[in-house]
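Peer 1: Starting from two chains that each stand alone, build the complex the way the hints lay out.
Heads up: the protein sequence lines correspond to chains W and Y, in order.
Counting along the first sequence from 1, when you hit position 236 you're at 236 in our numbering, and nothing is skipped either side.
Every number in our numbering is 460 more than the matching position in the second sequence, counting from 1.
One or more hints might be untrue.
Looking from chain W toward chain Y, a few residues come up when the C-beta cut is under 8 Å (computed) [claimed, not checked]:
#, residue
1, Arg49
2, Arg50
3, Leu288
It should be emphasised that the hints constitute simulated quantities derived from the structure, not laboratory data.
Think of the CB as a built atom: it goes at the ideal place given N, C-alpha and C, for glycine as much as any other residue.
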Amino acid sequence: MEKQTLSYRSVTENPCKMCMPMGGILAFKGVERSMVLLHGSQGCSTYMRRHIAEHFNEPIDVGSSSLNEKGTIYGGEKNLRQGLDNLIKVYNPSLIGVLTTCLAETIGEDIDRVASAYLQERGQEEFPIVTVSSPGYGGSEFEGYWMTLTRIVTKLAQKVEKHNKVNIIVPFISPADIRELKRILQLMKIEYTLLPDFSDTLDQPFARPYKRIPDGGTKLRDIARMSGAPGTIQLGVCVAEGISPGKYLEDTFGVPLYNLPIPMGIENTDRLVNVLQEFSGRATPKSLLQERGRLLDAMIDSHKYNFQGRSVIFGEPELVYAVTKTCLENGVFPVVVSSGSKNAKLPELLKAQLEQVPQQMHFLNGGDFAGILAKSEGANIAIGSSEGKYLSEKAGMPLVRIGFPIHDRVGGQRLLSVGYTGTAMFLDRITNTLLEHKLANYRHNVYEKFYPGTKTVTEG
Amino acid sequence: MGLDSDLGLRASDLEFQGSPATLLEGRICYALDAKELERLLNNYPAKVKKNRKQHILIKDSERQQIEANTRTIPGIITNRGCAFAGCKGVVLGPIKDMVHIVHGPVGCAFYSWGTRRNKAKAADPKKNFLNYCFSTDMQESDIVFGGEKKLAKMIDEVVEVFKPEAITISATCPVGLIGDDLSAVAKAAEQKHGVKVLSFNCEGYKGVSQSAGHHIANNGLMERVIGQGEMNEASAKYAINILGEYNIGGDGWEIERVLDEIGYHVIAVMTGDGSYEELKNAHVAELNLVQCHRSINYIAGMLETKYGTPWLKVNFIGIQNTIDSLRNMALYFGDEALINKTEEVIAREAARIEPVMEQYRKMCAGKTAFCFVGGSRGHHYQGLFAELGIETVLAGYEFAHRDDYEGREVLPGIKPDADSKNIPELHVSPDEKFFSLKIPAERAEQLKQQIPLSNYRGLIPDMKDGSVIVDDLNHFETEELIRIFKPDIFASGIKDKYVVQKMGIPAKQLHSYDYSGPYAGFNGAVKFAEDVSAAFNTPTWNFITPPWKNKPLLTGTVHNA
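Chain Y extracted, bound-state conformation (with noise of 0.2 Å):
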């Protein structure tokens, strides 16, 4: 087999024999249909069954749209999670010099605990606080009397012992209904200790998931962290931002060994592995680079109209999109000794993994999956799925807006409800001492028709016609929908991960990656392939019938590129 361009793995070459959702002239046959759909949705009473029917699409070659970002049915048992979550849990946890304190009972902090394998080291170990949880364990009598003292003492506590660089308070449930001014409370701090006190207000309540406490992180470290450094400008070439990247397995360190190599030099990640003193320093870089689109686009945004720096799509999950990000990249700078050595630091890299990549290939060709993960992981994946020969037939999101489904070109047709405008929206400007365009316009837009720069298509141009879309998928509809495909892995979280498994089928937590990873770059499609083909080829299985046991595998031959 080939490496050439694409490598010579394009699932449509593949051809399938006898399984259940088939695939015949790039298109997935034996799918859901419309009538099927509908007998799902029949389960529900009219008014959720009519909410629903919006958030789940058959895909078809006419421009379509999906309902997101709405509210959560409620007794829905949905996989979302709360604007805290979002917040704290996925956007400020992962950086690692800053103590951060959760203010409100104690349950919040004890199950945001080192639960998302966001990895991370310091140079200077009592400078890594991540296996710390912090909590002001709030009693009925602070709900009753006010919690603001308790957390200036533990503030001066906290600075006592710990000495950070600065600290976060994200805020609980209660704490807006009481009324606590975390801000004031944050304020004083700064100015006794003088240490950066940031506070969130992402109350579980504030928007429909998770993704509200995104927006409120983005924020808060745009205002007050991004460009408080002294830098005027990066210290080496090619400096970069890494947004979105929250090194989950250490995915985040397989990419900079790359990117490394070619000489890119990143200034800072957002925010895995991420540190407070990086983050300052922010404003410096040429380019950022976006990974997940959902949970920081608000940054990179910021980012350009602040300092005058575009944002590039990324994904460095899959061998190509991997190869094409890096690529992309190399031609924003335009610099040939920098498109050399990508392109020699690539041909290295998959003639060294083609090999591996080809033997588990063996093992996983002609399967399928369902990829539903938070914001962007559902449309990451497919390609790594696809160049094992595994169809994606079902993808969606936990929490993501219409724009990471139908692209941006969508934004400006979304009309701000209720629940969206309950998160305030930051404006900027450009900044007197920092801003400068990094490249020229002219340039920029040329670019545009080229790259991603600053633009991502979302998840549904990528879909084959037949697959299926789903919005919030919730336990009733993994299990109709399962029942349905019968689909040969469910990348997922692990709330469903168990759901799946007593029905027979192996599951692949794309949140946690099951203590596995990194499954970015390189060597992370490597581990990843391991793992799915473990998943499929464990003993295990010989003791239950899975759904593709008594059913030919691959039939066709692949094509040499």
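Pulled out of the complex, with its shape left as it was, chain W reads as follows (with noise of 0.2 Å):
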């Protein structure tokens, strides 16, 4: 395996990775009741809104507190205040998330006194004004979202009696697919507090009357109740520790940590399952175990298909570790994998992974779109979100579309990858675009193989 960091270049050139904000904003969103504040530019909500909405197709309501000029010098206490009052009194929210961007970092703004300024002058010290810092320059959305996750359970989660509820705490994942935990869980018999749990709020149905802060998420006294949980099963290993929110229940209340990667692919599913057990203390359903047969036998039938499928893997470190896992089940051999943003835990995890691969094989920590395409020669198939197109433009490779965003397609929302049945599914994906795409070319390929140059085909 061949490792690569690009740092010999200055320039991104096509980037596969967004901004903290970007992620503290998802992580809010599966919280109950929650509304977030960006303290900075209108512009950085804007965009991000622009962005979740276009992936889920859902209102995404993420409030500014404007800040101009003026506030570049005078510091945006005044506007970060009157954005609370204006969120609070028309949404009427039961949390409110303030995350820093750029501007308000550079500036220095110290957003922790003047959250608890505010409150204190009202009274109502108890409502939870949740604070991340999060610079643009200081991440990307998937150091964003864990810290939004830790700085959210370090704020509700307060010293409560043992309890059997267990915490399930979730990466950006699909609603479809934290509808899929929930299922698994509930064939388990697991009592679970889920965080966060974006599954209904980004993903609403239609129903009447249209609600401003959408009905769903993880609800506060669960959150604050994580503390007393008989252990943590955390599907984040490659999360650094620092932004850990398993870590910190662990450290703080001795809650046990079960890090996991996202169940995706046999053995990271058996991973979840096993332990799942261990909590249930019951075996194993039968009809999951039936979920798993049928995914080995969706895997036998495909084998011939994915065998000939070579991957350039790409987006958040969590999403690459678990599809470069299936992937390398079904022989869909990687000759890219790149994480988006630079990860400390990724090149450890898939070393040992990746030493089974039979062909050259290229890992980038924190590699652009330019970068992975220079790599990816004899590679048919991408797998990741929407800005792998380029890599189709580029090289025609086919993109089977995971993770976020997913702009240029709908139902971003709606694609399920996780468990067995999740597994099968996202397999399925795989093996009918390496399909589509080898029968789309087939004669023209093997004429130009028997008969070089000499005609081009035109039908399919």
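Peer 2: If you want it as structure tokens, here you go:
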């Protein structure tokens, strides 16, 4: 395996990552009756809302303190206070998340102080304002997401009696994935608190009347009691300890942490099911075992096609790890694996795995699409967000969309990829894309092979 | 139905029954009354209420003033963007043969990457950089120690790999705060590589919305690009520039199709499908067309002062608006052959599309619309809606100024505030080499009586009494006003689209056209009619109760013109 960080280039050409507050917004969206305010220029809020709305096809209300030139000189406290006033009056939320931006951090805004002074003056010290320091230059949406979750838990979790609800902390997966995890938990008869639960808030059913703050999200009182859980299952093996909510709960309240990968692929899903079985003390239900059997059956049915796949995998580190594992299990061997943001844990995690890859393999820690493309010779399928269409355009590589953002197709919120059943569906998407691409080009390719350079066959 | 002067499409000819917003003697009834507005605004804290009240008008026959281009209220879910978005995203971004570098942390570059659907085709595909996104991806250390070196190195790499004719650098928030000297980096790079490098201090916090960024971009293009070409005069007759046309969904291509046929010679488009090479020679045009007044009027005004070229406010959205614009252009040049050709093309195009439009009109007539878009489309689309028999009962702009609402006559009365003073005004004077009055002053004055030459009357005069005009409409007001008006369609952007659709009302994105378009010109009108009719008639709505269900459609007759 060849490892590369591309540090010799100054240009980021077609980036594969976004900025911290983006991840922060997404994390807050999974908390019951929450509203988010971005402290900075209003463009940050507008740009991010635009992208989130396009992916989920949902209203995304995110406030901004609309700082302007005056604020950069005199500080943004007045704007932040006004913003809080207006959000509370119009939305009446149960929690407000305040995320900073490049602007607020560069001018050195102390949002913690402003928020506590604001609440104190109103005699509302109990109202939860969760502040997160999330400058755009401080990391990608991945770090912003996990840091925000840690801040939420730090703010809300209190010392409570032990109870039997297991903490499930999820990375940024699709609402459909979260619903699938909840179904598995239910099948295994496990009581749980799942954070952040944006399965409804970012994928609302059509219902009347329209609600400004959508139903759903992890309940505040459940978050407060995460400290008394028998354990935390955190799907975040790539998460640094400083921004790991599971680690915080373990260190502060002694809640044992089971840090697991996203349950995609047989092995990763087995690991989750085994841990859940430990918690439930019951045998795995037969229906789930049947799902596992069906996945194996699907893997066998498709193995000839999958084995012809050579993949380019990119995106957030946690998803990249899970997708890579799944591809490896099915012989869709990667040519390039690239995490959008630099990640300290991913190289170690992938090292052992990638030694099984029979051909040359490139790992980019923090790669852009220009870097990915440069290394992708021999690949015939790309797996990741919509931005991978660049690889399709430039190298004719079909793209299987997963992750965020998916803006040139609908249904990113409904893509199911976790658990045994989800893995089978994800795998089918890969197999069918390979088949479609192969069949669409079959005659042409065979003709070229036997009569090189004579003429072009245009029909399919 | 006749195809005479106005296509026989007067909305006031239509009679409606039982709809929530009804027309009576040309006035919209059951609209928002002052009491209802007061109730709505009472949901705000007192200070906010006072502020917002000045941004909302119920149209009446009196001359009315609206507050616009003032600071956004914090915590209100506004649809406005920032100066960076207006500069890099709107004005500079569509110029295809320049590499647009975003100096800052990665987010701003990512979020402005290919999101506006400004189409372009280049003769040399290697000189079309629209699908690329270039960022210096500043990290914490760059914020502490400065990002100039990284930027300079990045320009070296970009020049080496892409060999662009020119480069722009757009600043994001932290850049201005840490004091990176963009113009110094740009200047050094120009000397090193012999390539034009323009820098724009369009930090997101400047001004009150993306409007500030338009102005900053206008200044830069005027100062460093326009007039730098070698041309002394245009190579063909009827040379024009098209300003403020961004070729969303191919709008510009449809407009150019018609203009080409009539015999116009388009020098430069600002900036949809635009190119640096063309922009350089924009000074030789005989007339500048202004489509989006808000984003480009600065250049239009400066071109007039510097090169003696007047501008004409056009609107290529809607059949009648397109026809009027074409006739006004012909009148400006005053050449009989051109006038005749214009009429010939108009007659043929109108006759071709009218039967198609008539089919769609049957599906749309009697419905009502909200039209809240950007800085010009909130006005431009009303005529097209009316041609389909759809009444615009509420309209407004995200980031426009008072002149876009009330007309340019209010300009002298607008006092610059602290925010607008932060955007440098570029003062130009007649160019020694290229200035020439394109038409005699006397004739210009005469024309101004007939056509909107170097003038824009704004949105308000075209709206019916009783309709509502809202500046910087936010999500809360959107929701409340939908409940009051129950419009049949809401034309807006992607951020409010899903609020509206969750309320059971179809939304039409007029920023990016929902992956459709073009909507401009003759063919665009048909495409728009098709899309809007589809929105009303898809069987999807059979499963919910949309506002027009159980209510009679058109019951009157449409008179022959």
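Peer 1: Confirm or reject each hint.
Peer 2: The hints, checked one at a time:
1. Arg49: holds (5 Å)
2. Arg50: holds (6 Å)
3. Leu288: Since chain Y brings no Cβ nearer than about 34 Å to leucine 288/W, farther than 8 Å, the hint is violated.
Comparing the model with each earlier hint shows a violation of hint 3 alone; every other hint is respected.
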